[in-house]
Amino acid sequence: MICILALIIFSILAIFSVSYRPLAAEAFDCVFRKATFRKCRTNLDQRLKSQITGRLLTKSPFLARFIYKRFELISWIFVILLISSLLYSGYGVYNYARYGHCDGVNAQGFCVYDAFDGDEPVNAPCVEQDSKETLFTPVEKKSS
Amino acid sequence: MKMNVESIRKDFPILKKKLAGKPVVYFDNACQSLRPIQVIDKINEYYHDFPACGDRSMHKLGKKVDEAVDKARKSLQNFFNAKKAEELIFTKNATEAINIVANALDLKKGDVVLTTDKEHNSNLVPWQLLKEKGVKHEVVEFNNVDALNDKLTKDVKIVSMVHTSNMDGTSIDAKELIKVAHDNGSLFMLDACQSAPHKIVDVRKLDVDFMACSGHKMLGPSGIGLLYGKQDALSKLKPFVVGGSTVSESTYASCDFEKPPHLFEAGLQNYAGIMGFGAAADYLKKVGLDNVSAHEFKLNKRITDAVGDSVELVGPKDPVLRGSIFSFNVPGMETHNVAIMLDEAANVMVRSGAHCCHSWFNAHKMLGSVRASLYLYNTEEECDIFIKELQKIVKLLS
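Heads up: the sequence lines are chains A and B, in that order.
Just remember that my numbering sits 240 ahead of the position in the first sequence, which is counted from 1.
Just remember that my numbering sits 140 ahead of the position in the second sequence, which is counted from 1.
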């Protein structure tokens with residue numbers, strides 16, 4: 241399962257850095273072989289498992305053991321989390337493009353994509369309409 | 141004179157460095173050793189001071205190259221106690237040296253070649269390929285004089301054996317086996333890759349016909365090896381790789397071949413490598429190979445006493461029989477996983493897998509082993525780091 245995670249993460253990183261491209265290709269090969277019920281040829285999954293466990297071995301032997309023994313299960317959890325997070329993000333992008341807000345039609349509240357428009361996110365700190373000063377800058381008002 | 145490990149370590153630049161904030165614990169010496177500054181300086185000397193052609197150019201720089209190559213050959217002659225410097229041929233590595241003998245020896249259909257059951261692929265595949273010429277290759281049990289005697293017939297033209305196994309560190313009684321082969325009229329070739337860096341290999345005392353070794357396992361540069369051949373044994377070899385340097389004269393139709401060693405040193409040579417190899421031999425000679433093997437035994441015993449019972453050892457239990465090698469498996473774990481963990485946890489660098497001895501592991505239905513191989517610059521403190529991390533792996537993960 242770690243190969244799927246590796247494929248997604250290394251593929252994204254590979255867009256920006258050439259050094260991740262061989263790893264992405266390796267992860268793809270591994271996913272493809274596993275999808276066709278064959279053993280991962282490059283042992284990428286085993287390598288990642290050993291690297292993670294090895295690093296933890298000096299810091300927290302208990303955690304190292306926990307992860308080593310349940311590596312497949314933990315990988316599944318992370319894959320599910322990653323995929324659901326990607327799907328939810330995609331849904332948000334669709335809503336933003338279609339309705340102008342992440343949460344769909346007539347929705348209000350915080351939307352992170354507002355920042356891309358140059359607008360301030362909806363629930364950003366309040367700003368007085370006629371003043372450039374925010375609530376964080378106390379304004380002294382003279383009494384009449 | 142006693143060996144001072146701390147002062148030796150100062151000669152190895154990589155040992156002064158840290159990786160990820162931790163010192164390097166290099167236990168992969170059976171694959172390739174580290175190089176002392178004396179060897180590195182020698183390699184640089186060539187490129188810096190006289191980067192020219194050897195054995196052909198009459199100018200001052202060319203002459204300097206010739207002198208440096210002769211000096212290196214002389215150093216290696218002393219190191220192996222060869223009768224003449226001309227008996228030493230520089231090759232790319234031991235694999236090439238063995239291939240030269242396998243292909244240049246006039247073996248015919250029906251001839252037999254014997255090797256042991258613990259050969260590195262380098263001393264197995266070149267002989268297997270001769271099947272196409274009708275030459276038979278047979279395997280005898282490692283270090284078993286009776287087994288060799290049983291296999292020896294008049295058709296056995298050459299016996300080629302590994303001196304010390306790179307897989308488990310065990311050695312053959314070379315002198316005895318060579319005598320048995322010679323009594324049969326067979327030639328004997330010794331693969332000394334794992335023995336030459338660690339113990340005295342005296343080619344004259346052993347009376348061996350051919351011997352191959354690599355520079356990179358004995359503090360020398362990579363890309364340089366050696367083929368020793370007794371003068372009359374070398375005369376039995378036909379020219380194999382030929383061209384520049386191997387002939388003294390040529391016409392459009394024929395050529396006059398040089399004598400060994402030049403006959404087998406075709407083309408422009410790795411002069412920097414040769415010089416570095418000579419410097420490595422001088423370095424080891426100065427330290428003393430008896431000191432090296434005593435030190436390695438002490439370290440191997442320390443490791444064996446601490447973790448020998450908690451892992452599956454490959455090879456005999458007695459460390460004195462395994463020289464510098466501690467080869468093992470952790471029950472229930474893949475070899476590469478153990479190696480990666482040791483590296484990630486504490487920069488302990490070991491080798492994992494079949495160590496190019498697939499034939500032995502396949503015959504014993506094993507996938508491979510983890511191999512820690514020690515050398516003169518390793519310390520007891522490094523062994524303790526290895527022991528501590530290995531114990532953790534065995535206790536927590538296996």
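Worth flagging that the hints you see were computed from the coordinates, not collected in a lab.
There's no promise every hint is true.
Here are the simulated EDC-like cross-link-like pairs (lysine to aspartate or glutamate), alpha carbons at most 20 Å apart as the crow flies [stated by the list, open to error]:
1) B:425 with B:449
2) B:200 with B:226
3) A:274 with B:295
4) A:299 with B:484
5) B:156 with B:474
6) A:309 with B:484
7) B:223 with B:372
8) A:279 with B:278
9) A:309 with B:474
10) B:426 with B:226
11) B:441 with B:342
12) A:299 with B:257
13) B:378 with B:246
14) B:315 with B:342
15) B:156 with B:146
16) B:297 with B:372
17) B:204 with B:236
18) B:315 with B:272
19) A:299 with B:524
20) B:291 with B:251
21) B:249 with B:185
Only part of the chain B face toward chain A is listed, based on derived beta-carbon distances under 8 Å [claimed, not checked]:
22) 201
23) 202
24) 270
25) 471
26) 477
27) 480
28) 483
29) 484
30) 521
31) 525
None of the values given here were measured: they were computed from a predicted structure.
We put the beta carbon where it would ideally sit given N, CA and C, even for glycine.
ask   = Close enough to count: is the Cβ of residue 484 of chain B nearer than 8 Å to one in chain A?
value = Result: holds, 3 Å to nearest chain A Cβ.
query = Are residue 274 of chain A and residue 295 of chain B close enough, with their CA atoms no more than 20 Å apart?
reply = violated (51 Å)
ask   = Within a Cα-Cα threshold of 20 Å, do residue 299 of chain A and residue 484 of chain B meet the stated pairing?
value = holds (11 Å)
query = Against chain A, with CB atoms and a cut of 8 Å, does the hint on residue 477 of chain B hold up?
reply = holds (4 Å)
task = Would you settle whether the hint for residue 521 of chain B is holds or violated, based on the nearest Cβ-Cβ distance to chain A being less than 8 Å?
result = Violated. Min distance 16 Å.
ask   = Quick one, are residue 204 of chain B and residue 236 of chain B close enough, alpha carbons at most 20 Å?
value = Violated. Residue 204 of chain B to residue 236 of chain B sits at ~27 Å, over the 20 Å cutoff.
query = Within a Cα-Cα threshold of 20 Å, do residue 309 of chain A and residue 474 of chain B meet the stated pairing?
reply = Given that 20 Å is the threshold and the Cα spacing comes to 14 Å, the pair holds.
ask   = Are the Cα positions of residue 156 of chain B and residue 474 of chain B separated by 20 Å at most?
value = violated (31 Å)
ask   = Straight-line Cα separation of residue 441 of chain B and residue 342 of chain B no greater than 20 Å?
value = violated (26 Å)
When the least beta-carbon distance from residue 202 of chain B to chain A is tested against 8 Å, hint result = violated (43 Å)
Supplied contact hint for residue 483 of chain B, tested at 8 Å Cβ to chain A = Result: holds, 7 Å to nearest chain A Cβ.
ask   = Under the criterion of a CB-CB separation shorter than 8 Å, is residue 471 of chain B in contact with chain A as hinted?
value = Violated, because the Cβ-Cβ distance from residue 471 of chain B to chain A comes to roughly 14 Å (cut-off 8 Å).
Figure legend: structure checked against the earlier numbered hints; hints not met, in rising order: 1, 2, 3, 5, 8, 10, 11, 12, 17, 18, 21, 22, 23, 24, 25, 30 and 31.
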